[in-house]
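Number of protein chains: 2
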Amino acid sequence: MTGGRRPGEDWVCEEQAPGVWFCLGVKKWLVRRRTPYQALDLAETESHGRVLTLDGKFMLSERDEFFYHEMLVHPALLCHPSPERVLVVGGGDGGALREVLRHPVKNAVLVEIDEAVVEVSKEWLPSVHQGSFQDPRVEIIIAPGEKFLPAHPGEFDVIIVDSTDPIGPGAALFESPFFRACHEALRKDGILSLQAGSPLLWPSELQGVVQALRTIFPVVVPYLGFVPLYPTGMWSYVLASAVSLPSQEELERRFSARRLSTRYFTPAIFQAAQVIPPFVEALLSP
Amino acid sequence: MTGGRRPGEDWVCEEQAPGVWFCLGVKKWLVRRRTPYQALDLAETESHGRVLTLDGKFMLSERDEFFYHEMLVHPALLCHPSPERVLVVGGGDGGALREVLRHPVKNAVLVEIDEAVVEVSKEWLPSVHQGSFQDPRVEIIIAPGEKFLPAHPGEFDVIIVDSTDPIGPGAALFESPFFRACHEALRKDGILSLQAGSPLLWPSELQGVVQALRTIFPVVVPYLGFVPLYPTGMWSYVLASAVSLPSQEELERRFSARRLSTRYFTPAIFQAAQVIPPFVEALLSP
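From first to last, the protein sequence lines stand for chains A and B. Going by the numbering used here, the first residue of the first sequence is number -18, and it counts up by one from there. Going by the numbering used here, the first residue of the second sequence is number -18, and it counts up by one from there.
Just so you know, not all the hints are guaranteed correct.
For chains that are exact copies, the list does not tell them apart, and a pair is met inside one copy or across any two.
Derived BS3-like pairs: lysine-lysine, alpha-carbon spacing no greater than 30 angstroms straight-line [as the list claims (entries may be wrong)]:
(1) 38 x 9
(2) 8 x 38
(3) 169 x 8
(4) 128 x 38
(5) 9 x 87
(6) 9 x 128
(7) 38 x 103
(8) 169 x 87
(9) 169 x 128
Just so you know, the hints here were simulated from the structure itself, not pulled from any lab data. No experiment lies behind these values; they were computed from the predicted model shown.
With the sequences and hints as input, model every part of the structure.
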């Protein structure tokens, strides 16, 4: 590495895989703390604006969080004809909540295990949450998602799981009991969406999630999108539904009717994102 | 950065943008030399197999070069009904040539400016070229592409520009005179394809290429694909044609007829790759 600085000094770095490092130059550290659940660091970077890491994994940057949040939220919300009551599990930064609130929701509940993520985001990431924590439709609950769900059967139109990877505090959010709890907490025509990591780095994560969801939901749709900040830049999501999904024309109509303004997601991008390359398809064949 | 090693010691690193570094742990350096044109380094890495860099930029890794080479080559070759004579400009590693030879070509010419890239790849990257340099249909010419083309008017069915970025020896391959020379070197129904970098990092590169091509070719099709090794993982390509492109059904038919076996590219992936997100579309509006 050239230049006077080296990673570990004024750099925020992620070990994406053994022997694979991605590092951003830090202008200023804003937060460096250990919460009861994880290490939480927030840096002002030279290249990506403010950047949040949890346990050394990049969660978001101001520059390109839109890729992830738009693709996690809008497919599920648009596939529902009237998403009135929405649950976000995780997502303490408020970015997913911000996108949820662009739809005609009456009530959005955010259940985050780590209060510190919400506190830090409220203070330091206004460009991400854009005031969504203060929206009168929003309720914030500090609890583990897998504890919250069983007490709320049949309550939600859409559940968005905005989790970390299946290690650390987010591990329970990738297992069958959690998916069954989501199914129980959804209304009869409810829709679930979640992120399932990089198919190149963690093929068994995507494979396991899709297999588990197929035993619970009749409609399971994996899709892919760019997330430049995340390892390999190729990210997978899965949408699961108890009822069949609307036509592409209907998604286009709702996208216009709800006046969604987006930078990455469109209904056409969502359709294209469902075209899965052969090396990923090989993981998903039933 | 944790662990005993640091980038610059047993790491191969690329500065993707100011303050943005991507580093792979090196098991062994295989080649470290300065050619008349550029610095050429080849490493055996822990994570990605062998990795080639030119002037400190990652050109390919054995692990995931298929993303790039399949998407650069197959769209153009499949869009041509009978690509008999094909030119690859650059691509001294032989990966693009390998994919070209999977089509029913009679003659493929590779014009590479830097003989050392061909020599090193022949010796160290057999999994990439897969013997394509020795194929009897292949002719290797060491010359700058922009010098070669004017002597070969109307000769090629397809031209693939497999260039580095528009700095260093590859700079001339991103300018209008070069695109006009490609147009002149193509037969009347010829097709050109090239890579145009990361739309997120270098929007003006993609924008400039598309604008320049539109003044020369009636059909210009930008498309996007994942390339995990390249900065942001989101890569743009442009296909340009003097005649209108075949239907999706025809591409599917040719894909089957030519018995192409691929890991990332399919005709459906190519169709999906042409769906451009709003933030990129904004660059491309005429």
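Hint by hint, here is what the structure shows:
{"no.": "1", "hint": "38 x 9", "verdict": "both (18 angstroms within a copy, 27 angstroms between copies)"}
{"no.": "2", "hint": "8 x 38", "verdict": "both (19 angstroms within a copy, 24 angstroms between copies)"}
{"no.": "3", "hint": "169 x 8", "verdict": "neither (49 angstroms within a copy, 54 angstroms between copies)"}
{"no.": "4", "hint": "128 x 38", "verdict": "within (25 angstroms within a copy, 48 angstroms between copies)"}
{"no.": "5", "hint": "9 x 87", "verdict": "neither (39 angstroms within a copy, 59 angstroms between copies)"}
{"no.": "6", "hint": "9 x 128", "verdict": "neither (37 angstroms within a copy, 49 angstroms between copies)"}
{"no.": "7", "hint": "38 x 103", "verdict": "within (20 angstroms within a copy, 38 angstroms between copies)"}
{"no.": "8", "hint": "169 x 87", "verdict": "within (18 angstroms within a copy, 59 angstroms between copies)"}
{"no.": "9", "hint": "169 x 128", "verdict": "within (21 angstroms within a copy, 67 angstroms between copies)"}
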